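Next come the chains, spelled out residue by residue.
There are 2 protein chains.
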Amino acid sequence: MNTSENIESRRSIKHYDPEHVMPEADLQELLRLTKLAPSSFNMQNYRILVVRNPELRQQLREVAWDQAQVTDASVLFILCADLKAHQADPSDYWGHAPQAVQDILGPMIKPFYDGKDQLIRDEAMRSSALAGMTLMLAARDLGYDSCPMVGFDPDAVSKLINLPDGYALSFMLPVGKKAEEAWDRGARLADDKVVSYDRF
Amino acid sequence: MNTSENIESRRSIKHYDPEHVMPEADLQELLRLTKLAPSSFNMQNYRILVVRNPELRQQLREVAWDQAQVTDASVLFILCADLKAHQADPSDYWGHAPQAVQDILGPMIKPFYDGKDQLIRDEAMRSSALAGMTLMLAARDLGYDSCPMVGFDPDAVSKLINLPDGYALSFMLPVGKKAEEAWDRGARLADDKVVSYDRF
Chain A
4 MNTSENIESR
14 RSIKHYDPEH
24 VMPEADLQEL
34 LRLTKLAPSS
44 FNMQNYRILV
54 VRNPELRQQL
64 REVAWDQAQV
74 TDASVLFILC
84 ADLKAHQADP
94 SDYWGHAPQA
104 VQDILGPMIK
114 PFYDGKDQLI
124 RDEAMRSSAL
134 AGMTLMLAAR
144 DLGYDSCPMV
154 GFDPDAVSKL
164 INLPDGYALS
174 FMLPVGKKAE
184 EAWDRGARLA
194 DDKVVSYDRF
Chain B
4 MNTSENIESR
14 RSIKHYDPEH
24 VMPEADLQEL
34 LRLTKLAPSS
44 FNMQNYRILV
54 VRNPELRQQL
64 REVAWDQAQV
74 TDASVLFILC
84 ADLKAHQADP
94 SDYWGHAPQA
104 VQDILGPMIK
114 PFYDGKDQLI
124 RDEAMRSSAL
134 AGMTLMLAAR
144 DLGYDSCPMV
154 GFDPDAVSKL
164 INLPDGYALS
174 FMLPVGKKAE
184 EAWDRGARLA
194 DDKVVSYDRF
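Sequence order for the protein chains is A and B. Per the numbering used here, the first sequence starts with residue 4, numbered consecutively. Per the numbering used here, the second sequence starts with residue 4, numbered consecutively.
This is chain A alone, in the form it adopts within the complex:
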């Protein structure tokens, strides 16, 4: 699907065919494309939880305002973030690069983040959203729809999925086969409320 058409026609879909099973090849292709999203210093500080277990999906729905898409979409992705990614060996991220590039970039990562908890958190939320937006558009290219969600109890969800220390929840992203059209699209604010030129 053409990218602009994809962006224009993507909608947050709330009702899915609960019988549809996503073929493993589609899931792996979605994961492959999602992982191509950019991240600062190539740290890849997002984490993708793929939830298919029906009992767990039901438990998650109960702490997510009973929203049907949590159980009915083919796959429930939960986008999370690794808040300690900057502490890893930089060659995990730059091992592929020429030594000269590694020598410059590797030593920059830790000092850039160390002790800056808000920056680390901001970065993690950004990375998970860059990956999640890529996943939403990739899903449509493969014939699926999606619904980004923050309407859930984060403590209850963290417990249900055993979220490790040092990780943060970002958002849920059910992906599946649409059973009902979306509501009318939310009106967009006027450009002069969202866009400024040169300076605020």
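Treat the hints with care, since some could be wrong.
For chains that are exact copies, the list does not tell them apart, and a pair is met inside one copy or across any two.
Heads up, simulated DSSO-like pairs for lysine-lysine below, C-alpha to C-alpha not over 30 Å straight-line [as the list claims (entries may be wrong)]:
#	residue 1	residue 2
1	K180	K113
2	K180	K196
3	K17	K162
4	K180	K38
5	K113	K38
6	K119	K87
7	K17	K38
8	K181	K38
9	K180	K162
10	K181	K17
11	K119	K181
12	K119	K162
13	K113	K196
14	K196	K162
15	K119	K180
Keep in mind that the hints were calculated from the coordinates and are not lab data. Only a predicted model underlies this, so the values are computations on that prediction, with no experimental measurement involved.
Given chain A's structure and the hints, the job is docking chain B onto it.
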């Protein structure tokens, strides 16, 4: 451009044709597509600064590790976030919806965020990144490349662009006509480091 091909071939480009001027129609089309990115409760809590003034671009480059793309790309977008979006009149976001939907959703927004500073900030970073990823892929569909950036002095940038109180900087996004290819793509972590199934 096909979406999967777009995602696969998008790279962070650091060198641009400094002579290229983005036609106004392309800029407006990019802004239109970017605004179609989703946001929680349709709050549209991202803000897009479009920087074209050459003197300001030079000043921004000086506080962004002297990176050439800050001055040489056709347009420098700075993605920011409105941390007070949840305090607005909900009809700004839901005025288009049936009254029954407005009656449910409108009163939910303020209590969902009020007093939860970390959630507000997380949401703002997510929204700006969902918009930014949409902008990166839309740009490629229109024949441009981009380079998401956090390598800058945030205090100095905030001062130069007069960032208002209640707003947060998210990231810079130069968009322009590629003059040099990217480095080799950063290696992706193995799936078992990034993807988990059902529970961590």
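query: So which hints don't hold here, by number, going up?
result: Checked against the structure, the hints that fail are numbers 1, 11 and 15, while the rest are satisfied.
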